[in-house]
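A.B. asks: The primary structure of each chain is shown beneath.
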Amino acid sequence: MSEPSGEAFDPERELAELRERAYGPASDIDSDPAAIARLAELEEAHRRAVAARGPAGPGPSPAAIATPGEAPPVAPAEVEAVGSAEAVAAAAISPATRLDRRGYGAPWGRTLRNSRRYVFLGLAAALVCAAVVCGIYWALAPRPAAILRAGAQTADAAAEARWIVFSSEEGLFMDRTVDQQTLTPYGAFHGVAVWSAVDDLDNPCLILVEESSERTLQAVCAPRSGQLIADVGVWNGGDPEIAGGLALGSVLRFQHRGATVEAWVIEAPDAP
Amino acid sequence: MGSSTPSGAEHGSDLRSGIPRSRSVRLAVLALTVGVIIGGSVAVAAVTRGSDARPDATLQATGTPPDELVLRVLEPPEAEHLEIDLDTLRSFGTHEGIELWSASNAFGSSCVIAIHRRTQDVLGTSCVPVGATTFVDTIAHGLPIGAAYRFTLRSDAVDVSLLLPDAGG
Numbered sequence: 001m002s003e004p005s006g007e008a009f010d011p012e013r014e015l016a017e018l019r020e021r022a023y024g025p026a027s028d029i030d031s032d033p034a035a036i037a038r039l040a041e042l043e044e045a046h047r048r049a050v051a052a053r054g055p056a057g058p059g060p061s062p063a064a065i066a067t068p069g070e071a072p073p074v075a076p077a078e079v080e081a082v083g084s085a086e087a088v089a090a091a092a093i094s095p096a097t098r099l100d101r102r103g104y105g106a107p108w109g110r111t112l113r114n115s116r117r118y119v120f121l122g123l124a125a126a127l128v129c130a131a132v133v134c135g136i137y138w139a140l141a142p143r144p145a146a147i148l149r150a151g152a153q154t155a156d157a158a159a160e161a162r163w164i165v166f167s168s169e170e171g172l173f174m175d176r177t178v179d180q181q182t183l184t185p186y187g188a189f190h191g192v193a194v195w196s197a198v199d200d201l202d203n204p205c206l207i208l209v210e211e212s213s214e215r216t217l218q219a220v221c222a223p224r225s226g227q228l229i230a231d232v233g234v235w236n237g238g239d240p241e242i243a244g245g246l247a248l249g250s251v252l253r254f255q256h257r258g259a260t261v262e263a264w265v266i267e268a269p270d271a272p
Numbered sequence: 001m002g003s004s005t006p007s008g009a010e011h012g013s014d015l016r017s018g019i020p021r022s023r024s025v026r027l028a029v030l031a032l033t034v035g036v037i038i039g040g041s042v043a044v045a046a047v048t049r050g051s052d053a054r055p056d057a058t059l060q061a062t063g064t065p066p067d068e069l070v071l072r073v074l075e076p077p078e079a080e081h082l083e084i085d086l087d088t089l090r091s092f093g094t095h096e097g098i099e100l101w102s103a104s105n106a107f108g109s110s111c112v113i114a115i116h117r118r119t120q121d122v123l124g125t126s127c128v129p130v131g132a133t134t135f136v137d138t139i140a141h142g143l144p145i146g147a148a149y150r151f152t153l154r155s156d157a158v159d160v161s162l163l164l165p166d167a168g169g
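For the record, the sequence lines run as chains A and B.
Number 73 in the working numbering belongs to position 73 of the first sequence; there are no gaps in the numbering.
Number 102 in the working numbering belongs to position 102 of the second sequence; there are no gaps in the numbering.
Calculated from the structure, these hints are not laboratory results.
Do not take every clue at face value.
[As the list claims (entries may be wrong)] Residues from chain A that keep clear of chain B, each with C-beta distances beyond 10 Å, as calculated: (1) Val50; (2) Asp179; (3) His190.
[To be verified] Computed far set for chain A versus chain B, every beta-carbon distance over 12 Å: (4) Phe120; (5) Glu211; (6) Thr216.
[What the hints assert, rightly or not] Between beta-carbon pairs, the in silico distance windows are: (7) B/Asp166 / A/Leu123: 40 to 46 Å; (8) A/Gln180 / B/Thr88: 18 to 24 Å; (9) A/Gly245 / B/Asp87: 29 to 35 Å; (10) B/Pro65 / A/Leu127: 53 to 59 Å; (11) B/Ala53 / A/Ser213: 56 to 62 Å; (12) A/Phe120 / B/Gly63: 56 to 62 Å.
Computed from a prediction, not measured in an experiment: that's the story for all the values here.
Where a beta carbon is used, it is the ideal one built from N, C-alpha and C, also for glycine.
Chain A extracted, bound-state conformation:
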């Protein structure tokens, strides 16, 4: 068996070059099956040589401290353990390229570490992008002009008086029977006082009253499967307090949300 010289056969350099071709930024080993096989061969020899040396001692072995361009001083016991040229090649590998205890020098270790890093970066990027998309949707989503909150149910005299007015108005609530005890005030918006109630079928109802005249503008009930919405338009001859500077054709929309009523202003373009 011929002994490879340090200059003619430098497994350390060859292994380093193959690792660079396999894991480096300009990886091109995929198209070279012979190089892949050679890299595997050198890695295996390296692994076996390390295993043959046993646990790492306090200092580097004589083989490990061989300088480049110089024949490595291989220990006879190591040569005996491996019994091949690969062992000599593996023994010549310096500590800089030696497989470390975390396995970062191994192909799978490197691949696994890179995979985890890419997965982490991908998830982080996905989360950031999702947050940005949510933020854009949130920023662009329309918002009500006001949110009216429910007051006490029929606790004051105003509600009692209002009920009397409602009861006297024929055809209110789309001919439904409304429970007086559920009458709830929500305050006013643009001159429109807002009340809610519940009918005998448990449908919520919305009642809109013109504050200036105490005239009922709308009284609608809708099954809970549909959104309960009542509109008040700004028309010629209407209450100027309701118009409040809005163009003719604009609409005040009130949407019942249970404990709150959202008030929306849908503005019409200025009439020509």
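Using the hints provided, position chain B relative to the given structure of chain A.
C.D. replies: Just chain B now, with coordinates in the frame of chain A:
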């Protein structure tokens, strides 16, 4: 010596699958990122579009011009304040005896009109500036007590939703 070659070859086959694996992981992560972004966008869009339930029916424009009855029931003083332009009436056909029409008004708003031809009643009218949902609710005419039809005007159709009370009416 002979034993190292099979071992090395075996390790090499791992390598062959391992090196592309690194790239396939990158592609998988990229696909995951794109998938999360698209999925998240769709989810957010679905949520922000609100609880638009699927309509029970959709009525398409028929091209039928308004006849004398329709023009008569919409003449002032009916819905006079809405200032509906009768020249812009478009028919969307009939649903359960209720005729649906759309129109524009003097303020450029979109209007939806529900007419019960048999009783010659205007069951509901609504005009809302373009861009907001325009709908009209109707009751009676064969519906269970407490139930209502909601007719929602879309760009070129009218969606019909039957709203039933929880109590079953």
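A.B. asks: Confirm or reject each hint.
C.D. replies: Hint check:
Every CB of chain B lies more than 10 Å from the CB of valine 50 of chain A, the least distance being 14 Å, so the non-interface label holds. Residue-level check passed: aspartate 179 of chain A sits 13 Å from the nearest beta carbon of chain B, beyond 10 Å. At roughly 15 Å, the least C-beta separation between histidine 190 of chain A and chain B is larger than 10 Å, which holds for a residue marked as non-interface. Non-interface call for phenylalanine 120 of chain A relative to chain B: violated, since the shortest CB-CB distance, roughly 9 Å, does not exceed 12 Å.
With a least beta-carbon separation of about 19 Å from chain B, glutamate 211 of chain A lies farther than 12 Å from that chain, consistent with its non-interface assignment. The beta carbon of threonine 216 of chain A sits about 16 Å from the closest Cβ of chain B, which is more than 12 Å, so the claim that it is off the interface holds. The given range of 40 to 46 Å is respected by aspartate 166 of chain B and leucine 123 of chain A, whose C-beta atoms sit roughly 43 Å from each other. About 44 Å separates the C-beta atoms of glutamine 180 of chain A and threonine 88 of chain B, a value inconsistent with the hinted range of 18 to 24 Å.
Restraint check, glycine 245 of chain A to aspartate 87 of chain B: a C-beta distance of roughly 31 Å satisfies the suggested window 29 to 35 Å. For the pair proline 65 of chain B and leucine 127 of chain A, the supplied restraint of 53 to 59 Å holds, since their beta-carbon distance comes to about 56 Å. Hint check: alanine 53 of chain B to serine 213 of chain A, Cβ distance near 37 Å, so the stated range 56 to 62 Å is violated. The given range of 56 to 62 Å is respected by phenylalanine 120 of chain A and glycine 63 of chain B, whose C-beta atoms sit roughly 59 Å from each other.
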